[in-house]
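Once you have looked at the hints, place chain B on chain A.
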Amino acid sequence: MARFPKPAEGSWTEHYPELGTGLVSYADSIAPEFFELEREAIFKRAWLHVGRVEQLPRNGSYFTREIAVARTSVVIVRDGDEIRAFHNICRHRGNKLVWQDFPREETSGTARQFTCKYHGWRYGLDGACAFVQQEGEFFDLDKADYGLVPVHCEVWAGFIFVNLDRESKQPLRAFLGPMITAIEDFPFDQLTARYGFRAEVPANWKVFMDALQEQYHAPIVHRSQRPESFDAHAAGFEAPHYQIDGPHRMFNSPGIRPWELPEDQIKASEQLLRGGLFGPWDPPDFYEATQIAGMRPGGHERGGVALFEIWTSFGIQLWECGW
Amino acid sequence: MTAAPGLLPSEFADLEPFAERWCLATEGERWAQRHASSIEEMREFYEAMFPRVDAALVYCDGFSLDDLPDDARNLMYLVFSFVMVSFPVEVWNAPRIPDVGDANLERVASPFI
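The listed protein sequences derive, respectively, from chains A and B.
So for the first sequence, this note's numbering puts the first residue at 226; every next one is plus one.
So for the second sequence, this note's numbering puts the first residue at 963; every next one is plus one.
Excised from the complex, chain A in its bound form:
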């Protein structure tokens, strides 16, 4: 028996008729030529999530991002109240500007200005070319023409996005649209314990993003991650709600509350530590602030996890327990 009601059309796929019900080819995830097109058509034009404002606590705080898919490097810096992004390249002869020891690795720090390690040209936090060594040896050089090339940079809910497209684009908030902006009041800035993980996954980016948005694999791939008795409980996978809005998508998972499960369905260490794969059982002290309507757009009661995937490749998971 189905655990959750389906939409009137019969299935979530049919609820969004623009998806169609025909077969979907995955040639777009294995053809190298297609990926080269994606680099140009998508990643050099889309809003790309690069970090959070907490990474830039002070005037002059900066970090660099190596955006391999676009074959470029960007430096993001706080200039007073503004957060700016520039192509990480000196305007003189194209040497990489901001780097430390290993030019291809990302770096971060605080600076009053950026100095090229090659000939000493300097740039302010606003990108203006502030100093050219032996300026008088140049002919008709106007430093004002040689500021760092800016990259569109906007902040939403504390998340920093850049857009490599030269022309002015749809503003970030308009791009995100109502389904995504409905979660902007989540207290992201109160989640101050930040962990970062890195893995290289030999798959097209779309395959990776799909894996998180579909849960069809969950009872199979994740089967042995739980005690055996749990599987009898979760035959197949159903979810209360799926939604798309433009290029973005989200779903709510069933509301499994680990602390409500019988003992034989939870790992012993999880009971001991009152926390596990899905985070601590005890809610944060700002729990009430986390229970925003936007994380349950279908309006049902128990949320489990709400996963939002912002095009192209930024996922935000909001857990019912407040993390």
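Think of the hints as simulated: they come from the structure by calculation, not from any bench.
Be aware that one or more of the hints could be misleading.
Take a look, some chain A residues computed to stay more than 10 Å from chain B by CB distance [to be verified]: (1) Trp-237; (2) Glu-243; (3) Ala-266; (4) His-274; (5) Val-294; (6) Gly-421; (7) Arg-423; (8) Asn-429; (9) Lys-431; (10) Phe-433; (11) Pro-465; (12) Leu-486; (13) Pro-487; (14) Leu-497.
One-sided excerpt, in silico: chain A residues whose CB lies under 10 Å from chain B [stated by the list, open to error]: (15) Gly-305; (16) Ile-308; (17) Ala-336; (18) Glu-392; (19) Gln-395; (20) Phe-422; (21) Glu-425; (22) Lys-492; (23) Leu-498.
Which residues of chain B face chain A? A partial, calculated answer using Cβ under 7 Å [to be verified]: (24) Met-1046; (25) Ser-1048; (26) Glu-1052; (27) Leu-1067; (28) Glu-1068; (29) Arg-1069; (30) Val-1070; (31) Ala-1071; (32) Ser-1072; (33) Pro-1073.
Quick reminder that beta carbons are idealized off the backbone N, C-alpha and C, glycines included.
Relative to chain A, chain B alone:
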């Protein structure tokens, strides 16, 4: 003759046999140690730690993170290693996750500790 001081607070001397192997400061080291250990070694450690984890957390909570003495810090690392071995012991019955090959997840950022 005085005994050499252990890595752990004296009231956790019962866990000292595991200290040198499992008091590891970074997740990378604990991950590597998991893969360098047999399931029997990890299970022995797990079973010795399990009844002591509550007391270890209470002990460590007596200090602020900025002010952890070395022996309490080692005890904290021991608890982290307990978490690291819990999956192999409770789920996989092996150090490695099945079918994972050489896939690797590296922790590149963490808060204070």
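Hint-by-hint comparison with the structure:
Its beta-carbon lying about 30 Å from the closest one in chain B, A:Trp-237 satisfies the requirement of being farther than 10 Å from that chain. Under the 10 Å C-beta cut-off, the non-interface status given to A:Glu-243 relative to chain B holds; the minimum distance is some 35 Å. Against the 10 Å criterion, A:Ala-266 stays outside the reach of chain B, whose nearest CB is about 30 Å from its own CB. Residue placement check: A:His-274 keeps its beta carbon more than 10 Å from all beta carbons of chain B (closest about 16 Å).
For A:Val-294, the shortest C-beta to C-beta distance to chain B comes to about 19 Å, beyond the 10 Å cut-off, and the non-interface label holds. Remark: the non-interface label on A:Gly-421 conflicts with the geometry, its nearest Cβ contact in chain B lying 3 Å away (cut-off 10 Å). Annotated as non-interface, A:Arg-423 brings its C-beta within 10 Å of a C-beta of chain B; the closest such distance is 5 Å. No Cβ of chain B approaches the Cβ of A:Asn-429 within 10 Å, the least distance being about 16 Å, so the stated non-interface status holds.
Non-interface call for A:Lys-431 relative to chain B: holds, since the shortest CB-CB distance, roughly 19 Å, exceeds 10 Å. For A:Phe-433, the shortest C-beta to C-beta distance to chain B comes to about 13 Å, beyond the 10 Å cut-off, and the non-interface label holds. Distance to chain B confirms A:Pro-465 as a non-interface residue, since its nearest Cβ pair spans about 28 Å, more than 10 Å. Separation of A:Leu-486 from chain B is adequate, the least Cβ-Cβ distance of about 15 Å exceeding the 10 Å criterion.
The non-interface label for A:Pro-487 is consistent with chain B: the shortest C-beta to C-beta separation is roughly 16 Å, beyond 10 Å. With a closest Cβ-Cβ approach of about 6 Å to chain B, A:Leu-497 is found to fall inside the 10 Å limit, against its non-interface label. This hint is violated: A:Gly-305 has a C-beta 26 Å from the nearest C-beta of chain B, more than the 10 Å allowed. Look at A:Ile-308: its Cβ only gets to about 20 Å from chain B, farther than 10 Å, so that hint breaks.
Because the closest C-beta pair between A:Ala-336 and chain B is about 21 Å apart, greater than 10 Å, the hint is violated. Using the Cβ-Cβ criterion of 10 Å, the hint placing A:Glu-392 at the interface with chain B is not satisfied: the shortest such distance is roughly 34 Å. About 31 Å separates the beta-carbon of A:Gln-395 from the nearest beta-carbon of chain B, more than 10 Å, and the hint is not met. Taking 10 Å as the C-beta contact cut-off toward chain B, the hint placing A:Phe-422 at the interface holds, the least distance being around 5 Å.
Restraint check, A:Glu-425 versus chain B: the minimum CB separation of about 8 Å is within 10 Å; hint holds. Interface restraint check for A:Lys-492: the shortest CB-CB distance to chain B comes to about 5 Å, inside 10 Å, so the restraint holds. Nearest Cβ of chain B to the Cβ of A:Leu-498: about 7 Å, under the 10 Å cut. The hint holds. Interface hint status for B:Met-1046: violated, as the beta-carbon distance to the closest one in chain A is roughly 11 Å, over 7 Å.
This hint holds: B:Ser-1048 has a C-beta 4 Å from the nearest C-beta of chain A, less than the 7 Å allowed. Because the beta carbon of B:Glu-1052 sits about 5 Å from the nearest beta carbon in chain A, less than 7 Å, this interface hint is met. Taking 7 Å as the C-beta contact cut-off toward chain A, the hint placing B:Leu-1067 at the interface holds, the least distance being around 5 Å. Satisfaction of the interface hint for B:Glu-1068 is found here, the shortest Cβ-Cβ separation to chain A being roughly 5 Å, below the 7 Å cut-off.
Hint on B:Arg-1069 holds. Least Cβ distance to chain A is approximately 6 Å, under the 7 Å limit. Checking B:Val-1070 against chain A: minimum C-beta separation of about 5 Å stays under 7 Å; hint holds. Because the smallest distance between the Cβ of B:Ala-1071 and any Cβ of chain A comes to about 3 Å, under 7 Å, the interface hint for this residue holds. For B:Ser-1072, the suggested interface contact is upheld, since its CB lies about 5 Å from the closest CB of chain A, less than 7 Å.
Interface hint status for B:Pro-1073: upheld, as the beta-carbon distance to the closest one in chain A is roughly 4 Å, under 7 Å.
The structure is inconsistent with the numbered hints 6, 7, 14, 15, 16, 17, 18, 19 and 24, although it conforms to all the rest.
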